[in-house]
Amino acid sequence: DQQVKQNSPSLSVQEGRISILNCDYTNSMFDYFLWYKKYPAEGPTFLISISSIKDKNEDGRFTVFLNKSAKHLSLHIVPSQPGDSAVYFCAASASFGNEKLTFGTGTRLTIIP
Amino acid sequence: DTGVSQDPRHKITKRGQNVTFRCDPISEHNRLYWYRQTLGQGPEFLTYFQNEAQLEKSRLLSDRFSAERPKGSFSTLEIQRTEQGDSAMYLCASSPLYTEAFFGQGTRLTVV
Numbered sequence: 001d002q003q004v005k006q007n008s009p010s011l012s013v014q015e016g017r018i019s020i021l022n023c024d025y026t027n028s029m030f031d032y033f034l035w036y037k038k039y040p041a042e043g044p045t046f047l048i049s050i051s052s053i054k055d056k057n058e059d060g061r062f063t064v065f066l067n068k069s070a071k072h073l074s075l076h077i078v079p080s081q082p083g084d085s086a087v088y089f090c091a092a093s094a095s096f097g098n099e100k101l102t103f104g105t106g107t108r109l110t111i112i113p
Numbered sequence: 001d002t003g004v005s006q007d008p009r010h011k012i013t014k015r016g017q018n019v020t021f022r023c024d025p026i027s028e029h030n031r032l033y034w035y036r037q038t039l040g041q042g043p044e045f046l047t048y049f050q051n052e053a054q055l056e057k058s059r060l061l062s063d064r065f066s067a068e069r070p071k072g073s074f075s076t077l078e079i080q081r082t083e084q085g086d087s088a089m090y091l092c093a094s095s096p097l098y099t100e101a102f103f104g105q106g107t108r109l110t111v112v
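First to last, the sequence lines map onto chains A and B.
The numbers in the numbering used here rise by one with no breaks, and the one at position 75 of the first sequence is 75.
The numbers in the numbering used here rise by one with no breaks, and the one at position 112 of the second sequence is 112.
Just so you know, the hints here were simulated from the structure itself, not pulled from any lab data.
Treat the numbers as computed from the prediction; the structure is a model and nothing was measured.
Hints should not be assumed to be uniformly reliable.
What the hints assert, rightly or not - Label pairs and their computed distance ranges (CB to CB):
| hint | chain 1 | residue 1 | chain 2 | residue 2 | range |
| --- | --- | --- | --- | --- | --- |
| 1 | A | Lys56 | B | Gln105 | 23 to 33 Å |
| 2 | B | Leu60 | A | Thr26 | 16 to 26 Å |
| 3 | B | Thr38 | A | Ser12 | 22 to 32 Å |
| 4 | A | Ser12 | B | Thr76 | 10 to 20 Å |
| 5 | A | Glu15 | B | His10 | 25 to 35 Å |
| 6 | A | Leu11 | B | Asn18 | 39 to 49 Å |
| 7 | A | Asp55 | B | Arg64 | 36 to 46 Å |
| 8 | A | Asn57 | B | Glu83 | 39 to 49 Å |
| 9 | B | Glu83 | A | Leu11 | 26 to 36 Å |
| 10 | B | Leu60 | A | Met29 | 11 to 21 Å |
| 11 | A | Gln3 | B | Leu39 | 12 to 22 Å |
| 12 | B | Gly85 | A | Gln3 | 31 to 41 Å |
| 13 | B | Leu55 | A | Val78 | 35 to 45 Å |
Cβ atoms here follow ideal geometry from the backbone N, Cα and C, with glycine treated the same way.
Construct all of the structure, not just a fragment, from the sequences and the given hints.
Below you can see the structure in the form of structure tokens.
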């Protein structure tokens, strides 16, 4: 059972525009959410996180929104830059202690110059 | 800070052979995790350690898999009697308590 779902395998966005990546989850016990970015031949790199007590967290060009009632989160990147081209994974944990992350299948983002 | 280091980066082995991977976490990180990633999927949790204690194991970790973290420093993941289904990227990550995990570059295992 896929507890964390990223339904868009790929997304292409013009440079300078907003990229919106979506993630849905089914497990009500999840209360901490993270986004990781992965380049080819490298391990995932942490981008931004949000706990369930918030509905928004911002870090520079990256903002994560959490809608707990819909069990949905999204990552907004604005403005998008060519270096943002990568695979983005949504991950969730049942505690802020982060012992065990459940990942989605990823969305490949391509920024078109 | 050299980051999480994994060795080897690539391993090709024949079915039935045993393999061992090593992970050196960021120094003084209490927690160390192992994940496995197959093509088109996200990383899947295998196991984690807090210092030298192995606190959780996924049901994905069959009895052919064993992980250790002696003295709470580096960790090893051994797969005995490898099968073609074991072919995957094996990722190690580490973290201090209560913060995000930092991943290594992974070990790509191919079982032929």
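Evaluated hints:
In this structure, A:Lys56 and B:Gln105 meet the distance hint of 23 to 33 Å, their C-beta atoms being roughly 32 Å apart. Distance hint check: the CB atoms of B:Leu60 and A:Thr26 are about 19 Å apart, consistent with the given range 16 to 26 Å. Range check, B:Thr38 to A:Ser12: Cβ separation about 25 Å, and the 22 to 32 Å hint holds. Between A:Ser12 and B:Thr76 the beta carbon distance is about 41 Å. The supplied range of 10 to 20 Å is therefore violated.
In this structure the supplied range 25 to 35 Å holds for A:Glu15 paired with B:His10, their Cβ-Cβ distance being about 34 Å. The hinted window of 39 to 49 Å between A:Leu11 and B:Asn18 holds, with their beta carbons roughly 41 Å apart. Against the hinted window of 36 to 46 Å, the Cβ-Cβ separation of A:Asp55 and B:Arg64 comes to about 44 Å, which satisfies the hint. Taking the beta carbon of each, A:Asn57 and B:Glu83 are about 42 Å apart, inside 39 to 49 Å as hinted.
For the pair B:Glu83 and A:Leu11, the supplied restraint of 26 to 36 Å holds, since their beta-carbon distance comes to about 35 Å. Between B:Leu60 and A:Met29, the C-beta spacing of about 19 Å keeps the proposed range 11 to 21 Å intact. Roughly 20 Å separates the CB atoms of A:Gln3 and B:Leu39, a value that falls within the hinted 12 to 22 Å. For B:Gly85 and A:Gln3, the hinted distance range of 31 to 41 Å is not satisfied, since their beta carbons lie about 22 Å from each other.
Checking the proposed 35 to 45 Å range against B:Leu55 and A:Val78 shows it holds: the Cβ atoms sit about 39 Å from each other.
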